[in-house]
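For the record, the sequence lines run as chains A and B. Residues in the first sequence are numbered from 13 upward in steps of one, following the working numbering. Residues in the second sequence are numbered from 40 upward in steps of one, following the working numbering.
Quick caveat, the hints were computed from the structure, so don't treat them as lab data. All C-beta atoms, glycine included, are put in the ideal place defined by N, C-alpha and C. Hints should not be assumed to be uniformly reliable.
Listed below are several chain A residues computed to face chain B (Cβ distance under 10 angstroms; list not exhaustive) [to be verified]: (1) 44; (2) 62; (3) 64; (4) 68; (5) 71; (6) 74; (7) 80; (8) 108; (9) 136; (10) 177.
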Amino acid sequence: MDAQRPLNETGVLNLQDILQHAVSILQKYSHLYSYVESNRLDVFIERNHLKPAIKAILDAKWGHLSAITGLDHPGQPDASDPQHQKDHLEVLYHFCQKSIIVTLRVSLDYHDARLPSICDLVPVATLYERELMEMFGIHIENTPDPSRLLLPDDWPSGVYPLRKSFKGLENTSTMS
Amino acid sequence: MLEFHTEKFIIPIGPQHPALKEPGHFEFTVDGETVTGATMRLGYVHRGIEKGVEGRNWTQAMYMLERVCGICSHVHATAFVLGVERLANVQVPPRAQAIRTLVGELERIHSHLLWLGVAAHEGGFDTLFMFSWRDRETVMDLLEELSGNRVHYSLNVIGGVKVDITDEIREHLLKGMDYLEERCKYYLNVISTDETFLGRTRGVGLMTLQQAEDLGAVGPTARASGVQRDIRIDAPYAGYSQFPVRLVTESTGDLHARFVVRIKELFESFRLIRLILANLPESELTTRVPRRIPAGETISRVEAPRGELFYYIKSNGNEYPERVKVRTPSLCNWSSVIVLAPGHKLADMPMLLSGIDPCFSCNDRMITIRHTDSNRTWSWEQLRQYGIEYYR
Chain A
13 MDAQRPLNET GVLNLQDILQ HAVSILQKYS HLYSYVESNR LDVFIERNHL KPAIKAILDA
73 KWGHLSAITG LDHPGQPDAS DPQHQKDHLE VLYHFCQKSI IVTLRVSLDY HDARLPSICD
133 LVPVATLYER ELMEMFGIHI ENTPDPSRLL LPDDWPSGVY PLRKSFKGLE NTSTMS
Chain B
40 MLEFHTEKFI IPIGPQHPAL KEPGHFEFTV DGETVTGATM RLGYVHRGIE KGVEGRNWTQ
100 AMYMLERVCG ICSHVHATAF VLGVERLANV QVPPRAQAIR TLVGELERIH SHLLWLGVAA
160 HEGGFDTLFM FSWRDRETVM DLLEELSGNR VHYSLNVIGG VKVDITDEIR EHLLKGMDYL
220 EERCKYYLNV ISTDETFLGR TRGVGLMTLQ QAEDLGAVGP TARASGVQRD IRIDAPYAGY
280 SQFPVRLVTE STGDLHARFV VRIKELFESF RLIRLILANL PESELTTRVP RRIPAGETIS
340 RVEAPRGELF YYIKSNGNEY PERVKVRTPS LCNWSSVIVL APGHKLADMP MLLSGIDPCF
400 SCNDRMITIR HTDSNRTWSW EQLRQYGIEY YR
């Protein structure tokens with residue numbers, strides 16, 4: 013076998029430091045955070061703090077934006093997230109450094125589902141934002157390209173397939 | 040004269056066969072031969088997999104997610120099962136983790152060789168294309184011998200793997216690696232010395248380290264620009280903490296560097312496969328996993344052949360996943376093409392497109408369109424009949 017590399021050792025040691033660094037960057041924007049797994053920190057953040065928080069992460073050169081996940085929580089109380097018990101949409105911004113993942117969680121009401129675009133800070137976010145608009149019906153303000161990315165051209169407007177209420181289209185002309 | 044300059048000439052490429060035999064649509068704005076702008080449209084092979092898995096149980100979901108991609112099927116299943124096993128809080132036997140790692144590397148070999156052929160073909164080097172695809176058959180045969188399948192090896196189960204490495208397969212694997220290593224030495228030599236090849240790749244599609252980080256590039260595309268990032272090293276999963284890989288990077292950031300990084304990664308794969316075969320732990324292959332996965336959410340990241348593959352998995356404690364989000368590496372690398380294209384010759388576009396090793400099926404996942412009464416299962420005969428009617 014290869015000689016044992018020191019990387020694993022230091023990786024374990026650094027883990028706490030990297031997490032602490034993330035907390036120190038983000039505590040200005042939110043006091044609601046939880047350590048969900050040994051390598052993950054979730055930070056619950058208000059919509060108006062989203063961009064400043066992301067800018068702070070980037071300015072500190074803490075990791076990279078790995079993905080943006082949309083979630084739909086209709087009705088049932090959410091055991092993993094006691095802060096939010098009512099119907100809502102949630103958008104998760106996942107930042108990664110080494111094995112650490114910091115997730116900024118923004119909760120949105122159905123009737124006010126809008127978010128500021130972060131493309132001026134992270135250009136690659138444009139694809140994720142277009143996906144959120146199509147799949148969850150979240151309005152992204154000032155996103156550089158709001159056109160359709162994945163759904164077919166004849167997809168009806170106002171139908172958001174990744175919402176839990178979507179069970180299939182009535183008219184399936186696209187199939188035949 | 041002013042009017043002359045404000046008019047744009049747009050060349051649409053795709054959706055049929057934009058450089059590769061997969062669908063995507065690009066519009067390149069050109070001034071003479073020079074590209075001045077680029078846009079893209081995806082979704083032509085969008086199948087609704089993320090929505091689809093919400094209506095299937097955990098095991099069915101695994102098989103469906105494996106079908107996100109025909110090239111890197113194993114890595115998708117691996118990312119998913121690793122996450123589900125973490126949610127279920129089960130320890131997978133070490134031999135199973137080693138076999139997952141081994142097959143992950145075999146898959147990387149087949150994927151990189153496939154890419155080498157495609158990229159060579161786009162550059163007009165058809166002999167290299169046919170050579171590399173012929174050699175790729177070696178690893179395809181090994182995968183088939185190991186799992187019974189050439190494409191969807193399906194050897195993961197939640198809680199382990201379902202195939203073992205026998206002595207006979209071990210011998211064949213070692214022989215195959217020896218052959219492929221010789222071939223890859225030859226390829227590395229060809230791409231580094233052949234004048235015409237260098238003419239098509241050196242200095243083309245240049246991406247600096249800063250650009251790679253700003254554009255969010257991942258995998259070999261990013262590592263060719265000097266980005267020090269590989270999930271196998273940064274956050275070892277499956278057997279990678281036991282069998283560590285060495286990081287392969289280049290600093291030039293051009294198309295040529297992307298060739299070099301991928302071929303050098305193959306040498307790492309050969310080394311790792313030999314290491315695993317020599318030190319395969321003795322243990323069971325599977326462990327019991329409950330059918331209902333405890334409520335919770337987790338994130339699973341693995342290094343696919345094209346870069347970081349990201350899975351977000353959420354369980355509500357019942358038999359079906361609540362939400363599975365898949366972010367595939369190709370999606371991250373697209374913006375590099377769109378940004379890098381301006382200033383290049385139109386003729387460089389196919390190679391620039393294939394330089395990131397795009398995988399369209401990976402980009403396009405999410406929606407299934409079902410008839411409202413179609414919760415019924417289709418028999419093979421019905422499916423066949425549907426196919427015949429559809430294409431009539």
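State the violated hints by number, sorted upward, taking the hints as numbered earlier in the document. Hints 1, 2, 3, 4, 5, 6, 10 not satisfied by this model.
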